[in-house]
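J.: This is what each chain is made of:
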Amino acid sequence: MSHLLALTMAAPALAAVVLLAIPGTSRTALRVVSLIGAVISLAGSIWVATLYDRALGGLQLLDTVPLVPSLGIHLKLAVDGWGVALLLLTGVIIVTGVLASWSVAKRDKEFFLLLLVLVSGVYGVFISQDLFIFFLFYEIAVLPMYLLIGIWGSSHKVPSAGPFGFTWKRFEVGSREYAAMKLTLMLLVGSAAILVAMFLLWSNSGARTFDMQVLEATKFPIAVQHVVFPLVWLGFGTLAGVFPFHTWSPDGHASAPTAVSMLHAGVLMKLGAFGVLRIGMVLVPDAAAWWAPIVGAVAVVNVLYGALCAASQKDLKYIVAYSSVSHMGVVMLGIATMNAAGWNGAVYQMVAHGIMTGLFFALVGLVYERAHTRTIAKMGGFAHVMPVVAGFFTLACLSSLGLPGTAGFVAEFMVFAGAAKGASPWWAIPGVLGAFVTAVYVLRACKTIFWGPAPVDEFAHLQDVQRTEWAAPLVLGSLLVVFGFWPKLLLDFIDAASQGYLGRLPIVALAQAVTP
Amino acid sequence: MTLMNCILLASALMAIGVYGLATRKQAVAMLLSVELMANSANILFASFAHFRGGPTGQVFVLFALAITVAEVAVGLALVMLLYRRHGDTALDLASEARQ
Amino acid sequence: MSPVTLAIVATVAPAVAALLLLVLSPLRHRGAPAAWVTLLGSLVSLGAAVMLLVARLGGAPDARATIPWIEERGRAMAEIGILIDGVSLPMLIIVCLVALCVQVFSIAYMHDEPPRAFGRYFTLHALFLFSMNVVVVSPNLLQLFAGWELVGLTSYLLIGFYFAKPAAAQAAVKAFWMTKLADMGFLFGLLVLYVSTGGFEWTSAPSATVATWVTGLLFLAVVGKSAQFPLHIWLPDAMEGPTPVSALLHAATMVAAGVFLVVRADPLFALAPGTREVMLWVGSITAVFAALLALVQHDIKKVLAFSTCSQLGYMVAALGAGQAFAGFFHLGTHAFFKALLFLAAGSVIHAVHSNSLDDMGGLRKKLPLTTAAFVIGSLSLAGVPGFAGFFSKDLVLTSLEGKASWIPWAMLLGAAFLTAFYMGRLLIKAFWGELSERSSHAHEGNVAMTGPLVVLAIPSLASGFLGGWLATQSSAQYELHLGLTPVLASVMSLAGLGAAILVFRKGGQAPFTHVLEKLDTFSVVDRTWAGAYRIGLLGVASLAGWIDRYLIDGLINFTGWSALEGGSSARRLQTGLVRDYALLVTVGVLVLVLIGVLR
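Residue numbers (our numbering), protein chains in the order written: chain S, 1 to 516; chain R, 1 to 99; chain B, 1 to 599.
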């Protein structure tokens, strides 16, 4: 199969094309076609993983089609170890996401269509080895979100206050249109930065090419690197929720419908972190090494500040959304360490957090769909009526706070170990503190929602998990535990890539020599 | 008939067109003014082609005429829409875009 | 089977049981089958542990096997595995034996629970035993930490077993938070150790400074897990869990994990005299403080809970004195007699349907077997000569001789008196005196309830005589010698019992009861932590939330607002009148023409 990667990437988009031909009234057909597209892409990802030679490492399953040769643009697909891990994550999340949105009623055809197109974009980013195509897929992944939140989202009120309270006259803060617009605009500003960085790389590459392998081999002038790295960091970082450009995330994730939150927090935020790692750290390593202390310092702010913000929220979806900000901080912290443990931990955390937050949003969606409220103070005793939801929610909480035996622990532990071993060991302190604050807010939410006396009145007859709703908790929940006990499954892929990229960086070899 | 006369005629037509466009409120009248201006340009093309020789100017006139016809069709369609919407063809009414 | 295989079986058997119950939900939901699966798992564990013991008595050496867990460039960054030696094997047997007894007892005690809850209960028990075994057999500190956190999780879930009760829910969360707070110390300790030695072995010998840091940080976790002052406050609250859970987790095994950690990491602690000094004082203070509070409790379980704190203080003090074996020995005997006491208390609670000592009285006549068990446990705890507790407590006190100008030694002797005194109070209030109304309907439970009491009573009586053997296993020196300390300790325990009889026989009160009750109800430590939580955490969190919503996001909104406002201002230029635009176009053309002409 020489076109396996292309097939994996295109399967959801092809399913979307098929959707166009299906009348909107045949609702089951719509869903089944979407599911088939998602499952094919997941199967493709798994196949890619089995074909990938971990001992060999590097880029594999190369597949090139020239697009605009005069500008050096090729559709060049190949996968490295990081890509394999993230492909698997994407496949799992989209399959469970489609199943979790089985009950979408409004304009369901368009909903699934956009969802599938978006996922094709995500796959594309993880496998493209040409900067131009990378960016193209990135935009395909990011833009449908505007419609998905603006049309299918939910709104709520945020009271106006503070020195900028007057701006409330202009926007309905908290409404889904506001959330969608803010998300899109902030991410587009980020994209603009990336575009500039991209063309800087292109014009300074000598060969006038977007081919990332060529760019990797190019030693860019340090002045160029110093312009490119911050652009890449903040451009992609906006999507990764880097402080202070994270504020699209809480509103966006809180307003988005279930599957969209799952995909966005679970996979899309990883595109940002992946971009920083793959473009920033690998293509312009010298500037990256210079900027790493700043990246790391901002990342620890993310971890602790995100956790504290989450602890102050009263709306369940906001809690989960802020926890994403906090956990993406762990990813960025791992990236900033610039050593193997940190990078492995960062990518592992991308997967762990993707699964965990996917599970969270799936469950929160279930609760919201039934209870019609997201205010945790109004809930209580739900474990009596929905024990399965309660059980899996607890599991997600545990992974979130980094309990050993869940994927979250392996990831956080590697990141903290990497940080402690790296140039700024003090990063580990706020990192670990953030994990403690996480324990406080997730367990408090868990207690308020699920524990306590059996609910009465309106909540007495809430249903537990039904039919297709089982997919997300079951699959994501067991993966959390499997990856928690058996990290080797993923780590071999991730480590192969990390070692490969680290081996090229003179600066990193130095950093490792310092530690015993 | 000299080239100068033709240029003067074209200039006069252009001036009348500009004056009409700026002062008239009715869409049809404004459309007519635009036509005057277009035709002043056509006259210039034709006269230069006649006095200086060469086919280019005449080709341009024919081309411009064809486009003007299409343009007038679109313009009249807009006028019709305007009339249906407001019961009048005063163009000042069509300033919703400002709100 | 090889020792390694046996050890793996012992560790994994409960995990298999738990996994079966988690995956096959019908099995769990029907209740009784879950109990059998869990019991089978524990039995296999115990059997494997006993076989290991037999092999060891036959001269088998220590067994150690590890596999890489987290790999980096083909090299293990972290390993997991098993280690069976003179410390882990006795601990494994203690844990499995007590767990089995408690599980059997639970079948009777939890009988009235609905099947689903019953199944959940036993699933958690299986999970707990697995986690605890992970701690016990761990060959390095990282795996110990993993197991440590997992037992914390099962503790959280079991304390919150009656999750419908708000108090239980609160207690569960509190227990988790307090221990998690302390566990940050463990994680930091691991990181320091990793950075300085490249691994997680307690045998690695870092410099004295590093050792002090590592052990100091590890000790923080011990303070949390083993409920030492000032992090002890979660343990009394944890009594909201079912009584057998209190017996197993919050008396015999899980809370002792802290002590176990120090015993394991003894080579590291030996390099850090500073840490030991702190431990000595923390342990002594906890022992006395908790014993005082035990004196004024009216809930039978809370008396025992404070007693557990106090006894853990003994162990920690012994560890601080550098006598790891003394602490470990006391851990062992304490596991038996405290589990016995809790199970007997469970039997009492089951009979009178109340936790309150005021509802009890005269139970001696109705519950003879339970009374006998309770008396044995109490005498052992009080350290009456001949009982198991005497030997280990004596060893602890002996190890403290001469340390820190004899002050900790004196404190613990005083605590020994208090221990006997409050246990005497408990015995008299619950089992002697007039039959209370509730007590008059009491009767013994079935054999599932009494059997474990009998089984645990034996080691509570006799395990003290195993000290010599245990010492040789962990290559420590131990012999019982008659000296000042054992005599004084015996005198103290007997005096405490005597004083209790004198004071409480007539329904009297202990001296200073009022002061102590004030201390108990006002609970400064509790309030301090609650205040720290509200102000230090929730307060800061609210501030962060406000800043994020109204300052940082406000700035973003302001950016958008500026763009919109700017646009509005610029829009004034647009009149919307076609004539104006036409004029502007014309003027524009003219200007361009003029520029062209003039140039």
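FYI, nobody ran anything at the bench for these hints, they're computed from the structure.
As the structure is a prediction and not an experimental result, all values here were calculated from the model.
All residues carry an ideal CB built from backbone N, CA and C; glycine is no exception.
Treat the hints with care, as some may be off.
As the list claims (entries may be wrong) - To give an idea of the interface, some chain S residues facing chain B are shown, with a C-beta separation under 8 Å as derived from the structure:
{"no.": "1", "residue": "Ile140"}
{"no.": "2", "residue": "Pro144"}
{"no.": "3", "residue": "Lys488"}
Stated by the list, open to error - Here are the simulated lysine-lysine pairs, DSBU-like style, with alpha carbons at most 35 Å apart:
{"no.": "4", "chain 1": "B", "residue 1": "Lys302", "chain 2": "B", "residue 2": "Lys165"}
{"no.": "5", "chain 1": "B", "residue 1": "Lys302", "chain 2": "S", "residue 2": "Lys378"}
{"no.": "6", "chain 1": "B", "residue 1": "Lys165", "chain 2": "B", "residue 2": "Lys403"}
{"no.": "7", "chain 1": "S", "residue 1": "Lys378", "chain 2": "S", "residue 2": "Lys219"}
{"no.": "8", "chain 1": "S", "residue 1": "Lys314", "chain 2": "B", "residue 2": "Lys165"}
{"no.": "9", "chain 1": "B", "residue 1": "Lys506", "chain 2": "B", "residue 2": "Lys403"}
{"no.": "10", "chain 1": "S", "residue 1": "Lys109", "chain 2": "S", "residue 2": "Lys378"}
{"no.": "11", "chain 1": "B", "residue 1": "Lys165", "chain 2": "S", "residue 2": "Lys157"}
{"no.": "12", "chain 1": "B", "residue 1": "Lys518", "chain 2": "B", "residue 2": "Lys302"}
{"no.": "13", "chain 1": "B", "residue 1": "Lys165", "chain 2": "S", "residue 2": "Lys378"}
{"no.": "14", "chain 1": "S", "residue 1": "Lys378", "chain 2": "S", "residue 2": "Lys106"}
{"no.": "15", "chain 1": "B", "residue 1": "Lys165", "chain 2": "B", "residue 2": "Lys518"}
J.: Honestly, which of those hints from before does the structure not fit?
T.: Result: hints 1, 2, 6, 7 and 9 break, sorted rising.
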